[in-house]
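A.B. asks: Read off the chains here:
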Amino acid sequence: MTMSKYGYAGNILLVDLTTSRIHTESTYKYIPKFLGGRGINQWILFKRLRSWVTPFEPSNMICFGAGALVGTLVPGAARLNIDSKNAFTHGIGSGSAGGWFAMELKFAGYDHIVIQGKAREPVYLSVKDDKVALKPAGELWGKSTGITEKLIKQDLGVDDMQILSVGPAGENMARPACVIVSGSRAVGRCGLGAIMGSKNLKAIAVKGTKSVAIKKPDEFLDLVITVSERLSALEGAKARKEFGTLAGSPLYNNLSALAYKNYEDDHIPEEHFAKISHEVFRNSYEIDTYACSACPTACGHVYSINQGIYAGTQCLKAEANTVWNFGGKIAMDDAAAILKAQEECCQLGLDIDNTSSVIAWAIDCFQNGIISKDTTDGLRLNWGDHRSVLELIKKIAYREGFGNVLAEGSLRASRIIEKGSERYAFHMKGQDLIEGIRSMKGWALGVVVSARGGAHTRGALATESRKYSAEESERIFCVKTAGDARAYKGKPKVVTYFEYVHALLDSLGVCFFTSNWTTPSGITPDELAQFYSLATGINISENELMKTGERIHNLEKMFNVYHVGFTRKDDYPPKRLMEEPVKSGPLKGELLKQKNWDQMLDEYYGLHGWDKKTSWPTKEKLEELGLDECKKRLGQAKEAKQ
Amino acid sequence: MIIIKNPEACTGCLICKLACSFHHTREFSRSHSSIRVLKSIFNSEKGAKISITFQNDDERPTCDLCEGERFPLCVSLCPEKVLKVTKGD
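These protein sequence lines are chains S and D, in that order. Note that numbering that gives the first Met the number 0 numbers the first sequence so that position 496 is 495, with each residue one more than the last. Note that numbering that gives the first Met the number 0 numbers the second sequence so that position 8 is 7, with each residue one more than the last.
Only chain D is shown next, with the shape it has when bound in the complex (with noise of 0.2 Å):
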């Protein structure tokens, strides 16, 4: 599965957002993604809240470890190394 390593890194580019839904529609939105990003930088809490939909939701596509791509493009794309892939439960 993906794991969320050290979301303190999180800068909130929404690179990881963009690539899920990419991944799930071969189109770019915020909407058709399994992440979630909550950046705020008004308050003082380094990096970010980040989810990611793992089970059937109404509103998320749900992460399939993007099934027919290469490799996880979230986990790849992310600059600052913040999402993880992991073999363990």
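One chain only, chain S, in its complex shape (with noise of 0.2 Å):
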């Protein structure tokens, strides 16, 4: 047990819902091995879920983490990661989201929240520093998350409270419900909200007024100060400042790599792309910004629609993927709609990726003449109706009709419906996939081998849409080709690299647009290491630093193997996308070849020091990360297998 009064809060909040037990331990005995948010989330799953335990059952976890260094003045250190068994997958669910409520939980004292059961009636946690307590949410309960945090504030008559919460698709059970942080900010993928609402637990509002104490202060300041002035100078910052995470749309429709169509193709075309551009969302909507806790990018954008129909909705946020998600893979070109359905899908408490996935499955289902009006509730479904969209998005959250079946994502939909409708669901691992991947070879190999099932926030590259140089691919990565979007070789050492570094920075709560995700001027791990020895007073080198990501890494890695089994034929991408190209865009004629692929998966899997027929961590892999409890359970893992 390392002990620091620095850095931490210190305590975990463990929280029983069925028999109400509220108590505490201390985080300093899993630091530094798991670091801090995703990274300790994981690992008390990993030990203490059985692989028999299904996701909705009260037996279920699900762990609310702020990174080690959340409180502090790290830039972009806002994030909380929550975790707990993928609704989809069975395997690790995992997501993150900034706001300020990972700050606040560390100013109430507590690193993480654990909860566990499931309350006979509903429920909200009210944290205020160390007076805890369950309180009844029946009045909340079928409230979107907006009046939900309004009514919590109204309750604790505290006005500056910071509020998670899940919206009716989460109280349904929908797969695709979400979690919503500090009012805007989504935990989307992995159903982490239907998991919140199986537990009958609505909401979690936390008050903190303690301190984040730091070893060596003025140390840490001149560093903080350092990071900040340089990050404050990049072009990647002002444009995000701008625009939001939308400014990143045109360089990936640029390289034919935004879904259209449900994967028809992988390029909007010109003249659509033209009415649902950043410029469009900013200049005609936008009426203000906001950042998350110590963030100096300010990424955050709220849009007002004045006019037409959709006049009088606000919108708190909207992310590059609500235009991939709506404007792409639904092909909606108007951009009101889409702010619309953005927000429509953060009132109810619904991922937008998972969500607008399945309906642009349907929309393919119902082209094709697979499902009809009989299937529909009545519904035409046609690309680009926004009219039907935002009928099938609360037909999920309510489990309603049609969307009952919806609620399942598409692989389980396809399998509920039948007659050939799995040729239409992209899936990974049994979760949703939204970002076009045959133009960008390691994007879609971070893509595809996630351990989450699908989604860019593992090891998926920033360094094709971004363009780097071979010059400077070779100096950070050691490999030409780290900018070069059609090369397969080097992508997986570049991909194994970000795999640490995302593990690290979800588990120091650092953003990744803040890191050297998409620039190498970015906070480094080296930088990393440095705040982290900085404010914690327990030394760790760049080296070990990265080692720790290792670790975390092949502990998710783990975690699938002994829930679900998943082998090497989980990390190939969906076979249509290896057989249909891209059909237009300056990338036009893309696709992921099996020949390659299979040489990209021979490749990662031998960096990682992994058996290449099953893709399974070695023994000798785990013993030398020190992950003994993972080396027991790959033995019951084979054995299962046999």
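Hints are computed from structural coordinates only; laboratory data are not their basis. Be a bit skeptical, because a hint or two may be false.
[To be verified] The list that follows gives simulated cross-link-like pairs (lysine to aspartate or glutamate, EDC-like), each with its CA atoms no further than 16 Å apart:
#1 S:K214 / D:E26
#2 S:K215 / D:D63
#3 S:K32 / S:E549
#4 S:K130 / S:E120
#5 S:K574 / S:E263
#6 D:K48 / S:D159
#7 D:K48 / S:D158
#8 S:K4 / D:E26
#9 S:K209 / D:E44
#10 D:K83 / D:E58
#11 S:K546 / S:E619
#12 S:K594 / S:E578
#13 S:K640 / S:E619
#14 D:K45 / S:E241
#15 S:K637 / S:D610
#16 S:K612 / S:E628
#17 S:K620 / S:D610
#18 S:K574 / S:D597
#19 S:K594 / S:E619
#20 S:K466 / S:E234
#21 D:K45 / S:E285
#22 S:K215 / S:E526
#23 S:K488 / S:D601
#24 S:K32 / S:E541
#25 S:K418 / S:D373
#26 S:K260 / S:E579
#27 D:K80 / S:E228
#28 S:K46 / S:E579
#29 S:K592 / S:E578
#30 S:K209 / D:D63
[What the hints assert, rightly or not] Listed next, with one range per pair, are the computed distances between beta-carbon atoms:
#31 D:V84 / S:G311: 35 to 45 Å
#32 S:N403 / D:K48: 58 to 68 Å
#33 S:E24 / D:K45: 36 to 46 Å
#34 D:E66 / S:N282: 37 to 47 Å
#35 S:R422 / D:K4: 36 to 46 Å
#36 D:V84 / S:D217: 18 to 28 Å
#37 D:K48 / S:S19: 32 to 42 Å
#38 D:N42 / S:G608: 46 to 56 Å
The beta carbon of each residue, even a glycine, is placed where N, CA and C say it ideally should be.
With the hints as a guide, bring both chains together as one complex.
C.D. replies: Structure follows, in structure tokens:
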């Protein structure tokens, strides 16, 4: 056990909803081995969950973790990680959000909240420093996330509390349900909102008056100033401040990397894209900007619609994904309607990625004559038809009619509908895929092998969309091809690097966008090690920190091995993306070739020290990382497979 | 003194508030800061309401213009240049 009264709050809050027992344990028994945030969440889940527990059972657990550097002035250190068993894949469920909740949690004296069991009636958890209580939430049940926030603040008589909540979608255990943090930031993917709903847990409200202490304050401040000055001068940061993450959409469309009409293509036609560009959102709808705690970039943008059928809508956040999903996958070309869809999802507590993907699947099935109005409750489903999309969003949240099928995600829905509809379900390990992956090979590898079931928040590269030069690539990654979208060669090395870096960022609570993910000038692992050492007094080198990232990455891999038994065959892209090339855009003709993919996987597993045939970590690798418990479970997984 | 030059540009990042608490205590907190920032993303008002405690206040420490620091931390770290040091009354 490493003791440090610095950096960490020092406590983990444990709440059993079945018995209403609330107690704490020390954070220190988990550090520095699992660091914080995602790392500690994942370790707690790995240690305590058995493979036969299903996501919506009371025995499942859900962990909320503020990163180790949250509450300080490290730029972008605002992230909260939420982890549980994945409602889609039954492997790891993991997501992260900014806002101010994680900071408030640390000021209340907790690094993590771990929830298990199921409350008899709906409840919410109130945390005011040491005063922790479960409160009745019967009157909140059925309410939107925005109204839930307001009512809890009224109930507790505290206006500046930080709240995370689920909407009707979570209550109804719609698998695409997410958790909404600080009113507008979504912890999407993996059905984490549905898991909160399955426990009758509507919300968590936090208010803290304590402090985060720093071991070497003056040196820490100097490093904050140096890094902040460098970040503020970066072009990418300026663009995100001006447009939010929407600024990234043209980069992807210009590389034929945005799924269009459920992967009919990976490029949004130019005349369509012009109507939903980042400039349109800023010039026509933006009214304010906001930043998460300690972030100099302010990528949060508030939009207001003043005319047309959606007049009166205020949308608190739109991401690049908003455009990829509703503008690309569903082919909506009306920016106001896209904002309306985004806001509906936010208020109902639906993750825009999984929601839009299953709707795109339904439209594709309808267009191909697999389903008709008889199945869709009388709705005609056409590409870009925002009225029917908004209807479906509501139906999914309330599991009403056809929405009850869609609330299962596209793979499960296709198994209900049958009639060849699985052809239109694009998923990874059972969770819907949102990224256009045929053109950029490193982006594709990172998305496809991700242990959480798709998604670009593990090893997917941003070096291709940012077109790193060969020299820059060589200098940072010792391969020349990081910036070359079409190249397969060298990509496993870069993906592996970012898998470790992202494990660190999620565990330290630092945003990807202030890190070196999109630019070499972002915060580097060396600087993360310095920040951590100065803050906590636990000296850690860059190499030791990267090893910690590797440990956390292997831990998640082992969760999937033990709980589901995913193997190499689960690390291949959907078949159609290996057979049907991109039809238009600058990288027209690109697809993912079987032979090249095989080679990439061989190299990727080799770099990790994993068995190339099964994709599973070896005993030796787990020993090297000090993961003895994982080694034991590896043996059990092998026995189960025989 | 420190003046609030353009509160409409405030993004609510709380860097000033955290920096202020750091000056007073060498720790980070929301409560031991001379600065209050009220930013609501739910209303249509741009920016935030900001106030600084310059006189004795039971709840909050008084702004001492970062005595002992190389420069006033809230002013120098604010990414939007919302705060400014003036030499006037």
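A.B. asks: Taking the numbered hints from earlier one at a time, note which ones the structure violates and give those numbers from smallest to largest.
C.D. replies: Numbers 2, 4, 9, 10, 13, 16, 19, 28, 30, 32 and 35, in rising order.
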